[in-house]
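**Student:** Sequences and hints are given; from them, build the entire structure.
Here the protein sequences line up with chains W and D, keeping their order. Going by our numbering, the first residue of the first sequence is number 22, and it counts up by one from there. Going by our numbering, the first residue of the second sequence is number 51, and it counts up by one from there.
Since the hints were derived computationally from the structure, they do not count as laboratory data. Where is the CB? At the ideal position from N, CA and C, for every residue including glycine. Among the clues, some could well be false.
Derived Cβ-Cβ restraints for the label pairs, each shown as a range [claimed, not checked]:
1) D:Pro191 with W:Met210: 24 to 32 Å
2) D:Glu354 with W:Lys215: 35 to 43 Å
3) W:Lys215 with D:Glu72: 46 to 54 Å
4) W:Asp279 with D:Gln228: 56 to 64 Å
5) D:Pro241 with W:Met210: 20 to 28 Å
Simulated pairs of lysine-lysine, DSBU-like, Cα-Cα distance not exceeding 35 Å [what the hints assert, rightly or not]:
6) D:Lys158 with W:Lys166
7) D:Lys158 with W:Lys165
8) W:Lys165 with D:Lys92
9) W:Lys320 with D:Lys158
Here are a few chain D residues that sit away from chain W, every Cβ distance over 10 Å (derived from the structure) [what the hints assert, rightly or not]:
10) Met51
11) Ile54
12) Leu83
13) Glu110
14) Ala116
15) Ser120
16) Asn185
17) Asn216
18) Glu236
19) Leu273
20) Arg315
21) Met374
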Amino acid sequence: MNLMEPILSNQAGLLLDDFEKMYRLMWQIRFFDEQVEELFTAGKIHGTTHLSIGQEATAVGSGYLLKPTDFMTTTHRGHANTIVKGTDMSAMMAELFGKKGGTNHGKGGSMHIADSDTGNLGSNGIVGGGYPIAVGAALTAQMKKTTAVVMCYAGDGSTNEGSFHESLNLASIWKLPVIFFIENNQYGMSSSIKQMVNIPFLSKRAESYGFEGKTIDGNNWLEVVDATSAAIEKARSGGGPTLIEALTYRSRGHSKSDKREYRTQKEEAQWQLKDPILLAEQQLLAADLVSKEELIVWKEESRENVQQAIQQAKKMEDVALADLETNVYAE
Amino acid sequence: MRKITYLAAINEALDEALATDERVFLMGEDIALYGGSFGATKGIVQKYGTKRIRNTPISESALAGAAVGSAMTGMRPIIEIQFSDFITIALDQIVNQAAKIHYMYGGKVSVPMVVRTASGSGTGHAAQHSQSLENWTAHIPGLKVVQPSTAYDAKGLLHAAIEDNNPVMFYEHKLCYQTTSEVPEEKYVIPFGVADIKHSGQDITVVATGIMVHKSLAMAKQLALEGISLEVIDPRTLVPLDTKTIIKSVQKTGRLLIVHEAVKRSGFGGEIASIVAESKAFYALKKPIKRLGGKSIPIPYQKELEHAAIPQEEDILAAAYELMEK
Numbered sequence: 022m023n024l025m026e027p028i029l030s031n032q033a034g035l036l037l038d039d040f041e042k043m044y045r046l047m048w049q050i051r052f053f054d055e056q057v058e059e060l061f062t063a064g065k066i067h068g069t070t071h072l073s074i075g076q077e078a079t080a081v082g083s084g085y086l087l088k089p090t091d092f093m094t095t096t097h098r099g100h101a102n103t104i105v106k107g108t109d110m111s112a113m114m115a116e117l118f119g120k121k122g123g124t125n126h127g128k129g130g131s132m133h134i135a136d137s138d139t140g141n142l143g144s145n146g147i148v149g150g151g152y153p154i155a156v157g158a159a160l161t162a163q164m165k166k167t168t169a170v171v172m173c174y175a176g177d178g179s180t181n182e183g184s185f186h187e188s189l190n191l192a193s194i195w196k197l198p199v200i201f202f203i204e205n206n207q208y209g210m211s212s213s214i215k216q217m218v219n220i221p222f223l224s225k226r227a228e229s230y231g232f233e234g235k236t237i238d239g240n241n242w243l244e245v246v247d248a249t250s251a252a253i254e255k256a257r258s259g260g261g262p263t264l265i266e267a268l269t270y271r272s273r274g275h276s277k278s279d280k281r282e283y284r285t286q287k288e289e290a291q292w293q294l295k296d297p298i299l300l301a302e303q304q305l306l307a308a309d310l311v312s313k314e315e316l317i318v319w320k321e322e323s324r325e326n327v328q329q330a331i332q333q334a335k336k337m338e339d340v341a342l343a344d345l346e347t348n349v350y351a352e
Numbered sequence: 051m052r053k054i055t056y057l058a059a060i061n062e063a064l065d066e067a068l069a070t071d072e073r074v075f076l077m078g079e080d081i082a083l084y085g086g087s088f089g090a091t092k093g094i095v096q097k098y099g100t101k102r103i104r105n106t107p108i109s110e111s112a113l114a115g116a117a118v119g120s121a122m123t124g125m126r127p128i129i130e131i132q133f134s135d136f137i138t139i140a141l142d143q144i145v146n147q148a149a150k151i152h153y154m155y156g157g158k159v160s161v162p163m164v165v166r167t168a169s170g171s172g173t174g175h176a177a178q179h180s181q182s183l184e185n186w187t188a189h190i191p192g193l194k195v196v197q198p199s200t201a202y203d204a205k206g207l208l209h210a211a212i213e214d215n216n217p218v219m220f221y222e223h224k225l226c227y228q229t230t231s232e233v234p235e236e237k238y239v240i241p242f243g244v245a246d247i248k249h250s251g252q253d254i255t256v257v258a259t260g261i262m263v264h265k266s267l268a269m270a271k272q273l274a275l276e277g278i279s280l281e282v283i284d285p286r287t288l289v290p291l292d293t294k295t296i297i298k299s300v301q302k303t304g305r306l307l308i309v310h311e312a313v314k315r316s317g318f319g320g321e322i323a324s325i326v327a328e329s330k331a332f333y334a335l336k337k338p339i340k341r342l343g344g345k346s347i348p349i350p351y352q353k354e355l356e357h358a359a360i361p362q363e364e365d366i367l368a369a370a371y372e373l374m375e376k
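**Tutor:** Below is the structure:
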């Protein structure tokens, strides 16, 4: 008997155990970013942060399929991708608090979280800045003949950067093992992507570089899993790049100061109905493999995981002033 | 010892590095069969193949960024930006990414890459192919900046650049390419941050970079006949800068002339002048510090205008006389 038929059937061969982990990850991401929002409002976090509340399925459905030896680049809105790739949440939170035990020893902050131990080549404060770096990492994989693939996360707005064009073309002519995963959350800061491009789907752009592009429902984790699984398999077997455009919605504003005057409450409410975690719950319950009570336990344990991460991070030492001028250059 | 050109010295260093370290590879526009815009990579692809000597599309941003990404993941890329002016298109990857990653990631990741690029005027390529922009990158913490003036320096410094675990900007002056000097056949490394006193003297310290080293040396010979002795110092690397050698020399001569081709306004000469003014050498100065640099204009096309846009030997001569006035 295939447990996954028919409701949770997927091309990656994921089983209930995987869905439990993914479901927990979605809640961890949600709670992590909600806590970041709260701590930021309370003045406990310095600078700026960008939240991916509402985009959990794109991060989990794609990132869960990566191996620890695979690489990843992500954007300024990168907490979710970083959590899925396996970075300890307490080190992430410590980074936001400016602690020495932070992922970047407190020198990077929210927009630059990186973790070489998990193959995370970093979030990026420059829109489109990650594309060429992902291509370079994929080149390493190809030249060293490893089977690593690179997941290049980017936002809809970045597809209008020159680096998008240059990198997708280069990845195509060299047949590099990279997946360009566009999280189309509908807005680049305040600008609707509909006003910034004159094509119905960003995935159409892939065709002009000579590889496949696909638009999927990014709030449906199963669709994300299927599309990503095919793209990873293709990249790993030498078939070159794929572009995935995952349609989703940024529930919160661009950053802290955003009052969201450029969109309607009606639009927000419509997307709320398509909340990725809600949808995942419906699928899990419909498959009749898990009870409502169990889901609540998974959810509450995820909340607890985030709380523990915060407590651990708070206990860590601040980065010392003595470290101000260290690590400008490598030895 | 045999004499070879600056261009051949670069070619030789690349060849030696490719032969000994399989992580080293080259990327750039027209660097394979064509051998690069100025011929620096001629014959290399025949030896190492197109997997390691990679022609790229005309995509400076992707080229520089692919170097960053591959360097972060264990390779040691050397890229060629045909003309240093085109660095403008790759600047995000060089300035915002390569230069900052080591610090921004808490020292956990390094970016060992070399950006080789041809700079300077004198070839009639006009405003968009003739600039000297090394000062831009010297301003960015995290980058190292190299400016070899001779074939000997070019080979040893290129080896140091390739072995360095940081992003290194390697500015080759177009007019230096055909100059020759004695170059050992075996590999050698010239450490960064060690200036070279290319001509010893007593009266005036001349700090010159790139092609201006050659012009200053010619004037040192000429002025020696008139009893004026120039000490010509070539810093060789702007970052790190060997301030000690410069300060020590100025303490001895009491006169400082700085010569570079880059536009004088906000040029690196201002940095050198300030370092000396802030040092104990200040008290040894017999005359105000003198700077010679390019005029504040885009490099013009017409030969005479192009010549007049940057310091020439006669300007060095005039500056030396001025510094020697009683």
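**Student:** Evaluate each hint against the coordinates.
**Tutor:** Hints, one by one, checked against the model:
As the Cβ distance of Pro191 of chain D to Met210 of chain W is approximately 28 Å, the hint placing it in 24 to 32 Å holds. Separated by about 56 Å at the C-beta atoms, Glu354 of chain D and Lys215 of chain W break the suggested range of 35 to 43 Å. Between Lys215 of chain W and Glu72 of chain D the beta carbon distance is about 48 Å. The supplied range of 46 to 54 Å therefore holds. Separation of Asp279 of chain W from Gln228 of chain D is about 58 Å and conforms to the stated range, judged on CB atoms against 56 to 64 Å.
Taken as a hint, the range 20 to 28 Å is violated for the pair Pro241 of chain D and Met210 of chain W, whose Cβ atoms sit roughly 46 Å apart. Among the hinted pairs, Lys158 of chain D with Lys166 of chain W is consistent with the structure: their alpha-carbon atoms are about 24 Å apart, no more than 35 Å. For the suggested pair Lys158 of chain D and Lys165 of chain W, the alpha carbons sit about 22 Å apart, so the restraint of at most 35 Å is met. Restraint check for Lys165 of chain W and Lys92 of chain D: satisfied, since their Cα atoms lie roughly 25 Å apart, inside the 35 Å limit.
At most 35 Å may separate the alpha-carbon atoms for a hinted pair to count; Lys320 of chain W and Lys158 of chain D meet this at roughly 33 Å. Non-interface status of Met51 of chain D relative to chain W is upheld: no Cβ of that chain comes within 10 Å, the nearest being about 33 Å off. The beta carbon of Ile54 of chain D is kept farther than 10 Å from every beta carbon of chain W, the shortest such distance being approximately 30 Å. Listed as outside the interface, Leu83 of chain D is consistent with that label: its C-beta sits roughly 16 Å from the nearest C-beta of chain W, beyond the 10 Å cut-off.
Not every CB of chain W lies more than 10 Å from the CB of Glu110 of chain D, the least distance being 8 Å, so the non-interface label is violated. Its beta-carbon lying about 4 Å from the closest one in chain W, Ala116 of chain D breaks the requirement of being farther than 10 Å from that chain. Non-interface call for Ser120 of chain D relative to chain W: violated, since the shortest CB-CB distance, roughly 4 Å, does not exceed 10 Å. Every beta carbon of chain W lies more than 10 Å from that of Asn185 of chain D, the smallest distance being close to 19 Å; the non-interface claim holds.
Distance to chain W contradicts Asn216 of chain D as a non-interface residue, since its nearest Cβ pair spans about 5 Å, not more than 10 Å. Every Cβ of chain W is farther than 10 Å from the Cβ of Glu236 of chain D; the closest lies at roughly 26 Å, confirming the non-interface assignment. Leu273 of chain D, annotated as away from the interface, keeps every beta carbon of chain W farther than 10 Å; the closest lies near 39 Å. In this structure Arg315 of chain D is separated from chain W by more than 10 Å, as the shortest Cβ-Cβ distance comes to about 27 Å.
At roughly 40 Å from the closest C-beta of chain W, the C-beta of Met374 of chain D stays outside 10 Å, upholding its exclusion from the interface.
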